[in-house]
Amino acid sequence: MTIKYLAQDQLAAFLAHLAERARVVAPISEDGVVLFRNWEPGRQVDLEVLLAKQAPKEFMFPQTEEYLKFSYRMDTPVVDESAPPAGASDDGQVEAALPHEVIEVQAENAAPAQIIFGLRPCDARGFVQMDQVFGGYGGFYFDPLYNAKREATTLLAVTCRDPRSTCFCTAIGGCPAGHEGVDALFTQVDGGFTVEPLTEKGEAATDFAALRDASEGEAAEAAEVKVQATTRVDVPFEIDGVRDNLKANFEGTSWQDLCLRCISCGTCTYVCPSCYCFSVNDSLVETKGERYRVWDNCFNPTYTLETSGHNPREKKVNRFRNRFSHKFWYYQDKYDSLLCSGCGRCIMHCPTRIDIREVLRVMGAPAGVPEAAGAASNSAELPATDGKEA
Amino acid sequence: MAETMSGAAAGKKRLTAADVVPGASTARAGKLGGNPYLPEICTVREIIQETPNIRTFRLTFDDPEVQKSFSFLPGQVGQFGVFGVGESTFAITSRPSETEYIQFSVMKAGEVTSAIHQLSLGDKAGVRAPMGCGFPVEAWKGKRILYVMGGIGSAALKATIEYTIEHRVDYEGISILYGATAPENFTYQYDIDQWQKRDDIDLTLTIDRECDGWQCDVGLVPHVLERMNPTPENTIAITCGPPIMIKFALMSFKKLGFSDEQTYTTLEKRMKCGIGICGRCNVGPKYVCVDGPVFSLAELRELPDEL
Chain A
0 MTIKYLAQDQ LAAFLAHLAE RARVVAPISE DGVVLFRNWE PGRQVDLEVL
50 LAKQAPKEFM FPQTEEYLKF SYRMDTPVVD ESAPPAGASD DGQVEAALPH
100 EVIEVQAENA APAQIIFGLR PCDARGFVQM DQVFGGYGGF YFDPLYNAKR
150 EATTLLAVTC RDPRSTCFCT AIGGCPAGHE GVDALFTQVD GGFTVEPLTE
200 KGEAATDFAA LRDASEGEAA EAAEVKVQAT TRVDVPFEID GVRDNLKANF
250 EGTSWQDLCL RCISCGTCTY VCPSCYCFSV NDSLVETKGE RYRVWDNCFN
300 PTYTLETSGH NPREKKVNRF RNRFSHKFWY YQDKYDSLLC SGCGRCIMHC
350 PTRIDIREVL RVMGAPAGVP EAAGAASNSA ELPATDGKEA
Chain B
0 MAETMSGAAA GKKRLTAADV VPGASTARAG KLGGNPYLPE ICTVREIIQE
50 TPNIRTFRLT FDDPEVQKSF SFLPGQVGQF GVFGVGESTF AITSRPSETE
100 YIQFSVMKAG EVTSAIHQLS LGDKAGVRAP MGCGFPVEAW KGKRILYVMG
150 GIGSAALKAT IEYTIEHRVD YEGISILYGA TAPENFTYQY DIDQWQKRDD
200 IDLTLTIDRE CDGWQCDVGL VPHVLERMNP TPENTIAITC GPPIMIKFAL
250 MSFKKLGFSD EQTYTTLEKR MKCGIGICGR CNVGPKYVCV DGPVFSLAEL
300 RELPDEL
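From first to last, the protein sequence lines are chains A and B. Using numbering that gives the first Met the number 0, you'd call the opening residue of the first sequence number 0 and step up by one each time. Using numbering that gives the first Met the number 0, you'd call the opening residue of the second sequence number 0 and step up by one each time.
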């Protein structure tokens with residue numbers, strides 16, 4: 000496939016061209032925080048901060064997503080007066096209630112075309128991982144909400160030239176220049192980007208006059224950038240065996256030490272490119288209402304609280320264990336995929352500096368090793384920045 | 000990754016919009032319904048006050064085509080709810096052969112169940128069904144079935160009991176042990192009266208404490224079960240009830256010599272989506288809403304202890 004080249008000073012023109020036919024989303028600095036936001040001519044794309052504070056998950060799986068609208072008619076309901084069958088007990092105790100005459104239930108699922116520019120290969124891989132659960136992999140249900148947006152979205156990723164100390168994508172099968180889920184890969188080189196369309200969607204999005212074929216020198220520079228970036232990503236643990244070891248260490252006492260400073264805030268789940276748990280709620284104002292889903296957080300004590308008062312994951316340690324087991328054991332068993340792409344956002348944004356790499360080093364190691372390794376310290380040290388502690 | 004290839008080799012695949020029926024609910028198109036979040040509108044046709052806090056609701060699908068084609072397996076569940084308040088998962092308690100209505104028995108406990116209890120005849124409600132896996136009633140043919148249940152646990156087993164009674168000749172025997180705290184807390188009294196009249200169903204009723212006019216057993220379900228001393232030979236034991244009752248009933252089964260393979264229960268968990276996505280009803284890698292709610296003890300043994 001031909002590698003193309005886009006000059007830096009043509010980026011705005013390129014995005015403006017894309018914006019003519021779709022919503023364009025890019026990392027944009029707002030009050031000092033870089034987030035994926037709607038791009039419009041005049042807005043500066045920020046690729047300096049490697050990772051936007053949140054993954055672009057919300058554009059496929061919005062934080063709050065209305066999916067049903069309904070309305071009631073508030074007049075006298077039609078009463079069915081058919082007699083109860085013989086043997087049925089008297090229902091005379093049933094008190095009168097407000098009329099519940101639903102007159103309309105309408106499914107909602109808006110998915111206009113959108114292009115996400117400037118996400119990283121780990122962000123794109125997060126979508127590929129979530130595709131499994133939302134796509135009913137293995138004989139389950141197809142989620143029309145996620146898939147409509149997924150279908151309407153083009154992902155234009157940018158290679159991570161300068162991986163951060165918290166990145167660990169290569170440890171779990173990813174790459175700073177990874178192709179998984181990426182429609183076209185942009186790599187920053189001298190004066191601009193090399194552009195590799197990888198899918199039909201990517202071809203369509205990069206079909207723009209200002210893109211010329213890359214010179215051999217530019218292509219070689221991009222290749223070198225990728226190699227350099229890849230070698231700089233830390234491999235903080237050995238992924239082979241993590242699933243089996245998590246299973247073997249399910250009752251391990253180190254979970255207790257590891258979760259001690261967790262405050263169940265759920266930040267890790269909200270910034271994660273592949274955490275997808277949600278809650279469903281209804282709202283009703285007079286006669287009109289909607290049903291919507293909203294991101295939930297498995298650290299929330301009420302997440303699994305049953306009406307009876309029973310809670311299978313009442314203790315913090317159980318909820319903590321569930322998140323890591325879900326990502327590296329349960330999800331793999333069910334969907335043949337990990338549920339982590341190694342972006343390290345959870346490490347960067349955890350207010351108590353809980354480090355997924357440490358959790359996996361300890362609980363993902365063969366049984367017996369964790370205690371010996373003594374790695375489950377409760378110190379609030381900064382996450383390890385270098386070294387290959389496998 | 001290697002795992003993905005092995006999954007694909009095993010015939011596992013991801014669905015696309017082309018694989019499903021666009022916009023169809025589960026009741027219309029089963030698992031290939033393109034919108035499993037879409038409830039079918041139903042009308043409340045009959046309300047039966049089972050106990051002071053349990054009511055049974057008989058509903059018909061507003062679309063006669065859906066009502067006509069609707070079918071489910073004994074043990075399967077459905078999402079039943081009130082628009083504007085929410086929906087919850089309940090066992091379908093109608094007979095699997097019933098074509099006129101779908102039935103749920105609901106104990107008033109929380110927000111959604113309280114709203115359901117406010118429903119009157121003719122009111123509209125939403126139903127997403129059937130969901131989950133039922134009991135392997137086909138594979139049990141030729142065996143004796145022993146039902147051990149307490150309180151509202153009867154709802155989870157009702158359809159299965161009715162199914163095995165309807166297909167009585169296919170099963171060697173049917174025994175039902177049903178316990179409640181007090182005589183007024185038995186559900187389906189009208190059906191119990193029918194079961195009592197039959198000599199091919201072995202029915203034992205028990206209440207926690209003695210009370211005036213009570214003719215049947217007295218004692219907690221696990222104790223009565225051990226007194227009954229049923230033979231594990233060619234028998235399938237199924238239990239459902241309050242968690243504490245299930246726990247002790249399972250211990251009693253073990254004591255009586257029942258293997259994990261011949262002991263079944265149906266689990267309850269907090270659920271939202273009902274289709275294995277929202278994430279909260281998992282026990283290890285299994286989701287109660289899609290992989291259950293029916294599990295054999297042998298299957299549960301493979302799962303982390305996080306019930």
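Hint data in this document are derived by calculation from the structure and do not stem from the laboratory. Idealized CB from N, CA, C, for every residue including glycine. Heads up, a few of these hints could be off.
Cβ-Cβ distance ranges computed for the label pairs, FRET-style [what the hints assert, rightly or not]: (1) B:A9 x A:E250: 43 to 51 angstroms; (2) A:E285 x B:Q214: 49 to 57 angstroms; (3) B:R300 x A:E223: 48 to 56 angstroms; (4) B:G109 x A:E285: 49 to 57 angstroms; (5) B:M250 x A:I102: 46 to 54 angstroms; (6) B:S113 x A:K52: 50 to 58 angstroms.
Consistency of the hints with the structure:
1. At about 30 angstroms, the CB distance of A9 of chain B to E250 of chain A disagrees with the hint of 43 to 51 angstroms.
2. A hinted range of 49 to 57 angstroms holds for the C-beta pair E285 of chain A and Q214 of chain B, which are about 53 angstroms apart.
3. Between R300 of chain B and E223 of chain A the beta carbon distance is about 54 angstroms. The supplied range of 48 to 56 angstroms therefore holds.
4. For the pair G109 of chain B and E285 of chain A, the beta carbons lie near 24 angstroms from each other, so the given range of 49 to 57 angstroms is not met.
5. Roughly 52 angstroms separates the CB atoms of M250 of chain B and I102 of chain A, a value that falls within the hinted 46 to 54 angstroms.
6. Separated by about 40 angstroms at the C-beta atoms, S113 of chain B and K52 of chain A break the suggested range of 50 to 58 angstroms.
Checked against the numbered hints given earlier, the structure breaks hints 1, 4, 6 and satisfies all the rest.
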